[in-house]
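Chains as they are written, first to last, in the working numbering: chain A, 12 to 342; chain B, -4 to 500.
No wet-lab data here; the hints were simulated from the structure.
Treat the hints with care, as some may be off.
Taking lysine to any residue pairs in the SDA-like style, the calculated list, with each CA pair at most 25 angstroms apart, reads [claimed, not checked]:
1. B:K422 to B:A310
2. B:K53 to A:G222
3. B:K7 to B:G71
4. B:K53 to A:V225
5. B:K53 to A:I221
6. B:K53 to A:P215
7. B:K351 to A:V130
Pulled from the structure, derived: some chain B residues nowhere near chain A, Cβ distances all over 10 angstroms [what the hints assert, rightly or not]:
8. A11
9. P98
10. K333
11. F370
The beta-carbon is built from N, C-alpha and C at its ideal position, and this holds for glycine as well.
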Amino acid sequence: MPRLREVVFGRTETALIAAILVTAVILSLSSPYFLTISNLVNLVEAYSVTTILAAGVFVVLVSGGIDISFTATASATQYLGAYLATHFGFSAASALGAAAALGVALGSVNALLTHYLRVASIIVTIATSSIYYALLIYFTDAQEIYNLPDWWSNRITFLRFSSASGVVRITLPIVVMLVVVALTEYLMRWTRIGRQIYAFGGNPEAASRIGIGVLRVQLLAYGYLGLLAAVAGFIQASRVHQAVPTAMAGQELNVLAVAILGGATLVGGVGSMGGVALAVVFLAMLQNGLNLVGVSPYFFGILTGLAILVSITMTGFAERHARKRYAVRSV
Amino acid sequence: MTVDSLASADAKPFLALSGIGKKFGGTVALDGIHWSVDRGEVHCLVGENGSGKSTLIKILAGVYAPDSGGSISIDGSRYASLTPSQAKSLGVQVIFQDLSLFPNLTVLENIAIDHQLHAPFLAPPARVMREAAGAALGRLDARLRLEALVRDLPVAQRQIVAICRGLAANARILFMDEPTASLTRREVELLLRTVRRLKALGVAVVFVSHRLEEIVEVAERVTVLRDGRKVGTFPAAQLNNHRLAELMTGARITHQIMARSLRDRRPALEVRGATRAGEFEDTSLVLHQGEILGLIGLLGAGRTELALALFGMTALDSGEILLDGARLDLRSNQDAVKAGIAYVSEDRLGLGLNLKQPISDNIAITVLDRLVYAFGLVARRARSRLASSWVAQLGIGAPNVEAPVQTLSGGNQQRVVLAKWLATDPKVLILDSPTVGVDIRNKQGIYGVVRRLAKEGVAILLISDEVPEVYFNSDRVLHMRNGRIVGEFVPGIASEHALSEALYA
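Okay, chain A solo, but in the shape it has when bound (with noise of 0.2 angstroms):
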């Protein structure tokens, strides 16, 4: 049998655990609030939309790609589902249904681009980001939603008890950004698809010799972070009970970095769905417990930063370690 470390926890996972640990231990001591129940309920449906985004971001970056452009697809699915809503009274499953394929349809095109322009896919995404929302704008007039359906707005709670801190609601932010989690595991550890994921974004000349269909691995990734910003962005509307064209302008490297320091990598072919959840409930927790202990929001941006360069300095010597034990003749 394979070793259950090796399948289940790689090291950048071990060392999240880890870090969660200490964070917890440090700051239950410094606030008494921080450990209970309902403080962490909330805590995880505050980061709900951030991990969904973040789980789609995850496999195109495995996939060996990078996308920007995904908060101005969720805003735009987001925005078509609302005015469908709205103006003609779409029900929840139709205003979905069409906001998901717009989200399929603006990853796929960034899919393509890539594809056949041959361009990194950081320029592609930077470019489509700008135009989709130059569109959203223009169509729009930067006119907010407000008036969103009662099925939209209304808090869906699936579980509702009461604790020593308070009522704890498990809402439907926090199911959904489950089902999400346990979907991306699924498909990109034990489908074929996933692992061909895995494998293009390891060496992409390689999947293609061997037979891998590599527009189509491209397709999903992106088409899957499409339909997946859909999703956020309709979780992120019945948040906050509007629907506004700009609405997460600027998170993408908040979701990125989440992505990254779950042990996703810029080359591809590494990491996975737990690393990267790890990842949003240590930060998620820093965030938090910083907040409860008084320090200046500011300070968590620098956190948030050292916290990537460590985990990227220290994969990077362990790579080097690695070379140096193989070293390898160079032709």
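Fit chain B to the supplied structure of chain A, relying on the hints for placement.
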């Protein structure tokens, strides 16, 4: 079926090509190739760059369709052309020089990737993959941990993974493109053992190379291609390096021994008792003006390490270096360049050249200081003039000096590196494996340049692990092993054979 017909079916070659040709636009890449490989045969396919080897492999792998008129017969069935999936299902597997593995995946996934590829939606269960991978490794009698990541394996083991991937996909004929290019001697031995094992399993192996190499030891037949035509197929036992080189180039290459006696010349570079812990010990040598001194040793003998110290990249623990009789204190390679020492590294593509930049910038980089005029700006015209003069002197085949270096052939790229260092007007030139990856015709050109430089008075240290290279191009040859100089040979007095015996002893 009678015993007779069985025997004759068996005697038929596994793969037979008849009249295979391929044109790209107006260029003829392959012309009327007739060729066959038997079941379980080990066959070498050799030719220089551009001789048509790669085109031939790609036709057999189904990447290219041959021009009409020819036929490919595999295991008794005839085809006008193959598709990639057809080629695979017939058992044709190609292992490219870069091995095309997935460094981020495990040994298990790499070997059994074919199973994964044909799965419906779910990846096949781990058990199925383990069986397939285990079986392939077992057939080779190789032991590798299935959960190890391929990026953590040394090259020789990666090669085994690539071969196993072919076996797991039911390979019956395995093409290996330049399989020994990045292996050490010991790893080559391991590869040869693996190949014998494949042969015993009835898998035919075709080595594709532009070098004359160790593999000839296990091959039964050798087929030589030149300019898209087959020169012939020969029993391996009847060929030696010399004959093979003639067949590949179509020209009789005359090796002329240098071996001038230059002991009365003034020493240019002297090394006395140089030691660097773990790299080389108590090394002394004298390199005279205008002399070509060969330094031969196997990988790990300390030859490159010594060269790096002479070039100021590393510091000596003890001992001294003298240039023109004066003691040199090298703190960096900049000191070395100023003193008149130039070093052409072994890894010219990684360290020696900026491939995307034009030839002129690559040559001028070492002497930018001299080309500078007001405000630190580089004089464009002076730069072009400098580059053009070197392009002419070294016979670099390039459309113009502004062409990016990556558009040149390997041999011409190597000349650009030489030009870059010659522009510094060195007294001592250290050449580390100057013809690795360069084909025979271009090798001769580079040797010509080196000899001419020596005649002009440059002292040259020629480092290599190829016996003929140092034997035919040096005045003297030093043999280095385990960080020490263990012998001196004078070509013509000592035989080439004696040198190679000493090297591989």
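Hint by hint, here is what the structure shows:
1. B:K422 to B:A310: 21 angstroms, holds
2. B:K53 to A:G222: 14 angstroms, holds
3. B:K7 to B:G71: Measuring from Cα to Cα gives roughly 8 angstroms; hence the hint holds.
4. B:K53 to A:V225: Since the Cα atoms of K53 (chain B) and V225 (chain A) sit roughly 19 angstroms apart, the hinted pair holds (cutoff 25 angstroms).
5. B:K53 to A:I221: Holds, at roughly 13 angstroms.
6. B:K53 to A:P215: 19 angstroms, holds
7. B:K351 to A:V130: Holds - the C-alpha atoms of V130 (chain A) and K351 (chain B) are around 17 angstroms apart, at most 25 angstroms.
8. A11: 25 angstroms, holds
9. P98: 6 angstroms, violated
10. K333: 27 angstroms, holds
11. F370: 34 angstroms, holds
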